[in-house]
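> Given next are the chains, with one letter for each unit.
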Amino acid sequence: MDPALRFADILHILRRHDVDLILVGGIAAVLEGAPVSTFDLDIVVSRTSENQGRLLDALLDLNARYRDPAGRHIVPDAAKVETMRIHRLMTDFGALDVLETIGHDLAYPDLIGQTIDYEVEGFQIQTLRLEMVILSKEQAGRDKDKAVLPILHRTLQLKRSG
Amino acid sequence: MLSDSDPRSLTLAGEPRTDPEVNPPPGEGDDDSLILWMLSLSPTQRLGVAQGFVDSVRILRHGSRA
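Residue numbers (this note's numbering), protein chains in the order written: chain A, 2 to 163; chain B, 1133 to 1198.
The set of hints was computed from the structure by calculation and includes no laboratory data.
Ideal Cβ placement from N, Cα and C applies to all residues, glycine included.
Keep in mind that the hints are not guaranteed to be accurate.
[Stated by the list, open to error] Pulled from the structure, derived: some chain A residues nowhere near chain B, Cβ distances all over 10 Å:
(1) 6
(2) 38
(3) 39
(4) 66
(5) 67
(6) 80
(7) 98
(8) 101
(9) 106
(10) 114
(11) 122
(12) 142
(13) 147
(14) 155
(15) 156
(16) 159
[Unchecked claim] A short, non-exhaustive set of chain B residues, derived as facing chain A with CB atoms under 7 Å:
(17) 1166
(18) 1178
(19) 1182
(20) 1186
(21) 1191
[Claimed, not checked] Label pairs and their calculated CB-CB ranges:
(22) B/1164 - A/117: 30 to 36 Å
(23) B/1191 - A/113: 35 to 41 Å
(24) A/78 - B/1165: 44 to 50 Å
(25) A/118 - B/1164: 25 to 31 Å
My request is simple: use the sequences and hints to build the entire structure.
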């Protein structure tokens, strides 16, 4: 059985290691008020060498391993963190996707000015604004992304109308 | 007819459930009430809603609490 997904526990460990990250994807949309569901946590991380070290420490703390279709036990290491652009991981607290970019190559420096700080269970988490979540999903263009666009657009409309 | 205090008279969002015979067909209005309810919550509460959904599915799949 897969581990029970605990969004807050994953975020808490990442914050405890001071990983520079932006929460993106479905949970970013949820924090922005959209009633959507998701089964993983998506983050975009800064690619500085210092942050890669902190990220690796956090991933080891989370007991992260790659979600390998062949069932092999592959764990993150310094080389993988430095070179791989996407890490689709299972942790002791559920699925975590660590991304270098979203949409059309939007990376941490492109996104950092498009975030809002939310306090969640006592810690701050930089969260991608709903406008950018929508843009990233439109650019990704996958069926699962397109499926939630109507409710994301409607949430944005209602937020703006106050 | 359920009374207003009966939990069965409330939707998942805690809103009064109305008679389906006089409801309009499902549409944008249904989403609006859920969105407005989400927007009324704190960030921690919103995360809790997402967590609750995951927990509920897990219970349904595995038949017990995680």
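> Is the shortest C-beta separation between residue 1182 of chain B and chain A less than 7 Å?
5 Å, holds
> Holds or violated: is there a CB of chain A closer than 7 Å to the CB of residue 1166 of chain B?
5 Å, holds
> Take a quick look at residue 6 of chain A and tell me if its Cβ sits farther than 10 Å from every Cβ on chain B, holds or violated.
It is violated; residue 6 of chain A is separated from chain B by about 5 Å at its closest Cβ, not greater than 10 Å.
> Against chain B, does residue 155 of chain A hold up as non-interface, every C-beta pair farther apart than 10 Å?
With a cut-off of 10 Å, residue 155 of chain A comes too close to chain B, as the shortest Cβ separation is near 6 Å.
> Holds or violated: residue 1191 of chain B as interface residue toward chain A, Cβ cutoff 7 Å?
The hint is violated - residue 1191 of chain B has no Cβ within 7 Å of chain A, the shortest such distance being about 10 Å.
> Is it correct that the beta-carbon of residue 39 of chain A has no partner in chain B closer than or equal to 10 Å?
7 Å, violated
> Mind checking the CB of residue 1186 of chain B against every CB in chain A and telling me if the closest is under 7 Å?
For residue 1186 of chain B, the interface hint holds, since the closest Cβ of chain A sits about 5 Å away, which is under 7 Å.
> Verify that the Cβ of residue 101 of chain A lies farther than 10 Å from every Cβ atom of chain B, and report whether the claim holds or is violated.
24 Å, holds
> Regarding residue 118 of chain A and residue 1164 of chain B, is the given constraint of 25 to 31 Å on their beta-carbon distance met?
27 Å, holds
> Does residue 147 of chain A sit more than 10 Å from chain B, CB to CB?
16 Å, holds
> Falls inside 30 to 36 Å, the C-beta gap from residue 1164 of chain B to residue 117 of chain A?
This hint is violated: roughly 22 Å between Cβ atoms.
> For residue 142 of chain A, is the shortest beta carbon distance to chain B beyond 10 Å?
Holds, since 22 Å exceeds 10 Å.
Checked against the numbered hints given earlier, this structure breaks hints 1, 2, 3, 11, 14, 15, 16, 21, 22; the rest are met.
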